Amino acid sequence: NAGVTQTPKFQVLKTGQSMTLQCAQDMNHNSMYWYRQDPGMGLRLIYYSASEGTTDKGEVPNGYNVSRLNKREFSLRLESAAPSQTSVYFCASRRLAGVSTDTQYFGPGTRLTVL
Amino acid sequence: LAKTTQPISMDSYEGQEVNITCSHNNIATNDYITWYQQFPSQGPRFIIQGYKTKVTNEVASLFIPADRKSSTLSLPRVSLSDTAVYYCLVGDRTSGTYKYIFGTGTRLKVLA
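These protein sequence lines are chains A and B, in that order. Read left to right, the first sequence gives residues 3 to 117 (our numbering). Read left to right, the second sequence gives residues 1246 to 1357 (our numbering).
Honestly, I wouldn't trust all of these hints.
[Unchecked claim] Partner residues aside, some chain A positions facing chain B, computed with beta carbon under 10 Å:
1) Y37
2) Q39
3) G42
4) R46
5) G60
6) E61
7) C93
8) Y107
9) P110
10) L114
11) L117
Calculated directly from the structure, the hints in this document are not laboratory data. Note that this is a predicted model, so its numbers are computed, not measured. Where is the CB? At the ideal position from N, CA and C, for every residue including glycine.
Using the sequences and the accompanying hints, generate a full structural model.
Below is the structure:
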């Protein structure tokens, strides 16, 4: 049981390049989330998927797209990277709503630098 | 979504009890209060969650007054390894579309 995994761990891009961040969870969770964390700041929600087949915008969706490929996988795509997207990206998943203690489980993060 | 306010930073010494207070004045009836811990270069990790009064687990206690407009995370007898950033979140956990809003958190430094 690996929990939430993310690839790659590190990435350097040039302005204008595109890339996809991958996230997978093996806990049979319904909801999945993408956050970004800038230095010294809290996490900000980019996009989320409440269940397989649905996605919705969070606080800072501009410049990003997502795909909920199946129940396990939720990818984040940067179509044309900008230096302002330099950040650490975290993926998280959440158990079905309504259980006694509901929590999000986070992956290890992807550190992205855009030059 | 309810906004939370926490102190930016706190210092403590090993063995002391640490209390971190979070203000959430516009908490809604269905909202729960959740605390996360984050170490450098890692994703946040769940600590504790509650709705009202007091909740205790093996690592912390959570105190919530009757009006629920604030909450206090209590860490008993902290050690150096408790140095981390602590986030308070509020939101409706019963909704499938629930979105967590993280604030800037409280940076706790435990000194020897």
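* To do: With a cut-off of 10 Å on the beta carbons, see whether A/G60 makes it to chain B.
  => Holds - the Cβ of A/G60 comes within 10 Å of chain B, reaching about 6 Å at its closest.
* chain B contact restraint on A/L117 - CB to CB distance below 10 Å -> Violated. Min distance 21 Å.
* Asked: Against chain B, is A/L114 within 10 Å by beta-carbon distance?
  -> Violated, about 14 Å.
* Should the interface hint for A/R46 be scored as holding, given a Cβ-Cβ cut-off of 10 Å against chain B? -> 7 Å, holds
* Asked: If you take the shortest Cβ to Cβ gap from A/C93 to chain B, is it below 10 Å?
  -> This hint holds: A/C93 lies near chain B, its Cβ roughly 8 Å from the closest one there, short of 10 Å.
* **Restraint satisfaction for A/G42 [CB to CB of chain B, less than 10 Å]** => With a closest approach of 8 Å, the A/G42 hint holds.
* Hey, does the A/Q39 contact hint survive, CB to chain B under 10 Å? -> Holds - the Cβ of A/Q39 comes within 10 Å of chain B, reaching about 8 Å at its closest.
* To do: Against chain B, run the beta carbon of A/E61 and see if the smallest gap drops under 10 Å.
  => 7 Å, holds
* Asked: Quick one, is the A/Y37 hint okay against chain B at 10 Å, beta carbons?
  -> 7 Å, holds
* Asked: Given A/Y107 as an interface hint, is the shortest Cβ-Cβ distance to chain B below 10 Å?
  -> 8 Å, holds
* Taking 10 Å as the limit, does the beta-carbon of A/P110 come near enough to a beta-carbon in chain B? -> 6 Å, holds
Comparing the model with each earlier hint shows violations of hints 10, 11; every other hint is respected.
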